[in-house]
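Here the protein sequences line up with chains W and Y, keeping their order.
This note's numbering runs 387 ahead of the 1-based position in the first sequence.
This note's numbering runs 176 ahead of the 1-based position in the second sequence.
These are calculated hints, taken from the structure and not from any lab test.
All residues carry an ideal CB built from backbone N, CA and C; glycine is no exception.
It is possible that part of the hints are untrue.
[Claimed, not checked] Computed cross-link-like contacts, DSSO-like style, restricted to lysine-lysine with a CA-CA straight-line distance of at most 30 Å:
id, chain 1, residue 1, chain 2, residue 2
1, Y, Lys179, W, Lys494
2, W, Lys489, Y, Lys233
3, Y, Lys194, W, Lys497
4, Y, Lys231, W, Lys390
5, W, Lys425, Y, Lys247
6, Y, Lys194, W, Lys489
7, Y, Lys231, W, Lys489
8, W, Lys390, Y, Lys189
9, Y, Lys194, W, Lys390
10, Y, Lys231, W, Lys403
11, W, Lys489, Y, Lys246
12, W, Lys489, Y, Lys229
13, W, Lys489, Y, Lys179
14, W, Lys457, W, Lys494
15, W, Lys425, Y, Lys233
16, W, Lys497, Y, Lys229
17, W, Lys390, Y, Lys233
18, W, Lys403, Y, Lys247
19, W, Lys497, Y, Lys233
20, Y, Lys233, W, Lys494
21, Y, Lys179, W, Lys425
[Unchecked claim] Okay, the calculated bits of chain Y under chain W, using three or more residues with CB under 8 Å as the criterion:
id, region
22, 209-223
23, 261-272
24, 278-286
Here's the letter readout for the chains.
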Amino acid sequence: AQKVTQAQTEISVVEKEDVTLDCVYETRDTTYYLFWYKQPPSGELVFLIRRNSFDEQNEISGRYSWNFQKSTSSFNFTITASQVVDSAVYFCALSGQGGSEKLVFGKGTKLTVNP
Amino acid sequence: DVKVTQSSRYLVKRTGEKVFLECVQDMDHENMFWYRQDPGLGLRLIYFSYDVKMKEKGDIPEGYSVSREKKERFSLILESASTNQTSMYLCASSQPGGLKTQYFGPGTRLLVL
Chain W
388 AQKVTQAQTE
398 ISVVEKEDVT
408 LDCVYETRDT
418 TYYLFWYKQP
428 PSGELVFLIR
438 RNSFDEQNEI
448 SGRYSWNFQK
458 STSSFNFTIT
468 ASQVVDSAVY
478 FCALSGQGGS
488 EKLVFGKGTK
498 LTVNP
Chain Y
177 DVKVTQSSRY
187 LVKRTGEKVF
197 LECVQDMDHE
207 NMFWYRQDPG
217 LGLRLIYFSY
227 DVKMKEKGDI
237 PEGYSVSREK
247 KERFSLILES
257 ASTNQTSMYL
267 CASSQPGGLK
277 TQYFGPGTRL
287 LVL
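Bound-form chain Y, shown alone:
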């Protein structure tokens, strides 16, 4: 079974803090994704990576950065957390090519005070 894990299920941070969200997958997938999910807005893509050290902006990259130093790990960084970044963050991974099925982690609920 594909397994995608995220470092925390719940996280509380203060405005201005630097926040790291970690995601690890164990299926040797090339692609990894970070989404945020908000009520009424569905899933929105923040960043994705199609190879180690490669990244591409998604639909809402502002205020975020990412790091992919190893194939299995994809980190989302909030450089200076703000209250409007309070959200559910979901990580996913997939193999490249035709199948494109993304497998998701359990999510991290982040509250920024």
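Extracted from the complex, chain W is given alone in its bound form:
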């Protein structure tokens, strides 16, 4: 069975601090995809990034970066120099091969960035 664990339920930081959101996954598939979504207070889940299991290269997009490590089954998300607008719930998700179109979501991490 596939599983995604986001151990941090809530994180609170002060603006300009760096913050890392952890994501650990379990799967027996050899090919799989990992995702991060952001859910601001408005409610809509916004797609941030997708990684496939064959690409362990870290990715940076502006203040966002992602660290994918198959050896530890982790796909962590770091926000550098956090801003108040980064306040949201962040979800990590996993999908596997075998024809399933479903995503397995973690329970989310609520990030609050205080001014």
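Once you've looked at the hints, dock chain Y against the given chain W.
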């Protein structure tokens, strides 16, 4: 840009009412999904559809049904609303195959009194 719209942002219904939640996507996606989101429980899949008139149960289908008569529209039906169905309902769509990225609508907050 992918656009997924949901018919209502907020809805208040009474116990026993039949409730329809509508979702429309404009990207010609094959797959559509309905989730509910509750505090502490994350997102849970209710139903999904991989083609017109095709549906498959998710993790928590009890008390719900779905309809997909057209590719762009996926409806969630609460046959007889109950207070434990008070929740945030999120619709998503995706293309089939390897990429699997799901794009979400803005959500419907349903309150059942």
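Okay, the hints, checked on the actual structure:
no. : hint                   : in the structure
1   : Y:Lys179 with W:Lys494 : holds (25 Å)
2   : W:Lys489 with Y:Lys233 : holds (11 Å)
3   : Y:Lys194 with W:Lys497 : violated (33 Å)
4   : Y:Lys231 with W:Lys390 : holds (23 Å)
5   : W:Lys425 with Y:Lys247 : holds (27 Å)
6   : Y:Lys194 with W:Lys489 : holds (27 Å)
7   : Y:Lys231 with W:Lys489 : holds (13 Å)
8   : W:Lys390 with Y:Lys189 : violated (34 Å)
9   : Y:Lys194 with W:Lys390 : violated (34 Å)
10  : Y:Lys231 with W:Lys403 : violated (46 Å)
11  : W:Lys489 with Y:Lys246 : holds (21 Å)
12  : W:Lys489 with Y:Lys229 : holds (18 Å)
13  : W:Lys489 with Y:Lys179 : holds (19 Å)
14  : W:Lys457 with W:Lys494 : holds (21 Å)
15  : W:Lys425 with Y:Lys233 : holds (26 Å)
16  : W:Lys497 with Y:Lys229 : violated (37 Å)
17  : W:Lys390 with Y:Lys233 : holds (19 Å)
18  : W:Lys403 with Y:Lys247 : violated (45 Å)
19  : W:Lys497 with Y:Lys233 : holds (29 Å)
20  : Y:Lys233 with W:Lys494 : holds (21 Å)
21  : Y:Lys179 with W:Lys425 : holds (16 Å)
22  : 209-223                : holds (count 6)
23  : 261-272                : holds (count 5)
24  : 278-286                : holds (count 7)
In this structure, the earlier hints numbered 3, 8, 9, 10, 16 and 18 are contradicted, and the remaining ones agree with it.
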